[in-house]
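Trainee: Listed below, chain by chain, are the residues.
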Amino acid sequence: AQTVTQSQPEMSVQEAETVTLSCTYDTSESDYYLFWYKQPPSRQMILVIRQEAYKQQNATENRFSVNFQKAAKSFSLKISDSQLGDAAMYFCAYRKTSYDKVIFGPGTSLSVIP
Amino acid sequence: NAGVTQTPKFRVLKTGQSMTLLCAQDMNHEYMYWYRQDPGMGLRLIHYSVGEGTTAKGEVPDGYNVSRLKKQNFLLGLESAAPSQTSVYFCASSYSISSGKQETQYFGPGTRLLVL
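Order-wise, the sequence lines are chains U and V.
Our numbering applies: residue 1 is where the first sequence begins, and numbers increase by one.
Our numbering applies: residue 115 is where the second sequence begins, and numbers increase by one.
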């Protein structure tokens, strides 16, 4: 069965600095999708970034980028120039291509220090 | 375009009571999902649907039933609520992979349920 692990329950970063959130996953599939979702105190789940496993190029979205290491089954999220609004729970998620369930990690709570 | 909406936003039930949570989406998505979120456990899939009239079990289906009579609506029912079902419930929807469109899941705002 596929699993998603986030080994950092809590992290903090100084405003304007860079922080990296870790995620590892376990799968025997070769094709799949990976996601990072952000959940602010409002509880709304917001998609931050997605990565297709067949693409070697790491996805980027403005200040957010990923380091996708397929062989190591690692999918970390880098947030550059951190802003106060980045404070939230961040969930790493996996989805098998031919399967429509999304498996979520336990989350990392990110605090941004002014 | 409201996206994914959930009704109600908050509800308190007594043990043994029943209720239905409503999820609606206006994006013409084929797939819909119900998750529950508990502290330290991320989101766990309860049930999902890949089309009108079809449903399937997720990771934690016990104690819940669902129905997808219309494409835009996905109902989650609790027939006899238990304190263990106290949680925040999220609905999500997405295009199907076979549609060729991006299959990213879009989430509703959540329903907080307290069972006493």
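To be clear, the hints were calculated from the coordinates, so they are not data collected in a lab.
The structure displayed is predicted, hence computed values, not measured ones.
Virtual Cβ for every residue (Gly too), placed ideally from N, Cα, C.
Some hints here could point you the wrong way.
Claimed, not checked - Pairs of lysine to aspartate or glutamate residues, derived as EDC-like cross-links and limited to a Cα-Cα distance of at most 16 Å, are as follows:
id, chain 1, residue 1, chain 2, residue 2
1, V, Lys128, V, Glu193
2, U, Lys96, V, Glu166
3, U, Lys70, U, Glu29
4, U, Lys70, U, Asp81
5, U, Lys70, U, Glu10
6, U, Lys78, U, Glu10
7, U, Lys55, U, Glu17
8, U, Lys101, V, Glu193
9, U, Lys101, V, Glu173
Unchecked claim - Each pair of labels, with its calculated beta carbon distance range:
id, chain 1, residue 1, chain 2, residue 2, range
10, V, Gly117, U, Pro9, 26 to 32 Å
11, V, Lys185, U, Ser109, 43 to 49 Å
12, U, Gln14, V, Gly167, 48 to 54 Å
13, V, Val202, U, Pro9, 16 to 22 Å
14, U, Asn62, V, Asn142, 23 to 29 Å
15, V, Arg158, U, Gln8, 18 to 24 Å
16, U, Ser30, V, Ser132, 40 to 46 Å
17, U, Ala16, V, Gly117, 30 to 36 Å
18, V, Gln186, U, Asn58, 33 to 39 Å
19, U, Ser30, V, Ala116, 18 to 24 Å
Unchecked claim - One side only, chain U facing chain V, incomplete, derived with CB under 7 Å:
id, residue
20, Pro40
21, Pro41
22, Gln44
23, Met45
24, Leu47
25, Val48
26, Lys78
27, Gly105
Trainee: Confirm or reject each hint.
Mentor: Hint check:
no. : hint                            : in the structure
1   : Lys128/V x Glu193/V             : holds (12 Å)
2   : Lys96/U x Glu166/V              : violated (22 Å)
3   : Lys70/U x Glu29/U               : holds (11 Å)
4   : Lys70/U x Asp81/U               : violated (26 Å)
5   : Lys70/U x Glu10/U               : violated (25 Å)
6   : Lys78/U x Glu10/U               : holds (15 Å)
7   : Lys55/U x Glu17/U               : violated (28 Å)
8   : Lys101/U x Glu193/V             : violated (24 Å)
9   : Lys101/U x Glu173/V             : holds (9 Å)
10  : Gly117/V x Pro9/U: 26 to 32 Å   : holds (30 Å)
11  : Lys185/V x Ser109/U: 43 to 49 Å : violated (36 Å)
12  : Gln14/U x Gly167/V: 48 to 54 Å  : holds (52 Å)
13  : Val202/V x Pro9/U: 16 to 22 Å   : holds (18 Å)
14  : Asn62/U x Asn142/V: 23 to 29 Å  : holds (28 Å)
15  : Arg158/V x Gln8/U: 18 to 24 Å   : holds (20 Å)
16  : Ser30/U x Ser132/V: 40 to 46 Å  : holds (44 Å)
17  : Ala16/U x Gly117/V: 30 to 36 Å  : holds (32 Å)
18  : Gln186/V x Asn58/U: 33 to 39 Å  : holds (36 Å)
19  : Ser30/U x Ala116/V: 18 to 24 Å  : violated (37 Å)
20  : Pro40                           : violated (11 Å)
21  : Pro41                           : violated (12 Å)
22  : Gln44                           : holds (5 Å)
23  : Met45                           : holds (4 Å)
24  : Leu47                           : holds (6 Å)
25  : Val48                           : violated (11 Å)
26  : Lys78                           : violated (20 Å)
27  : Gly105                          : holds (6 Å)
Comparing the model with each earlier hint shows violations of hints 2, 4, 5, 7, 8, 11, 19, 20, 21, 25 and 26; every other hint is respected.
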